[in-house]
Amino acid sequence: MRTVSALAFAGVLAIPGMLVGLMLWYLLGQPEGTWNPGVVLACNLVPLGSIAVGAVLGWRAGQDPEQAS
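Just so we're aligned: 24 in the working numbering is position 24 of the sequence shown, and the numbers increase by one with no gaps anywhere.
These are calculated hints, taken from the structure and not from any lab test.
You can take every hint at face value.
Between beta-carbon pairs, the in silico distance windows are: (1) Gly33 <-> Val4: 35 to 43 Å; (2) Met23 <-> Val56: 19 to 27 Å; (3) Gln67 <-> Gly11: 23 to 31 Å; (4) Leu22 <-> Glu66: 36 to 44 Å; (5) Arg2 <-> Pro31: 35 to 43 Å.
For every residue, glycine included, the Cβ atom is placed at its ideal position computed from N, Cα and C.
When you get a sec, could you build the whole thing from the sequences and use the hints?
Here's what the structure looks like:
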């Protein structure tokens, strides 16, 4: 059950992470180039960080099947 909860939380938090990354990219002046630090931060690290936080929160919120019995 923990895995399903972690995947659900990560999936739900992916959308806000992408929106925050898009706003950050826009505020940084819409940098171009694949390896530009602004692009890497806004388009990769922010959404992936949001997904990772969602997975951790979902894992902690899920029930362990061995303890549920």
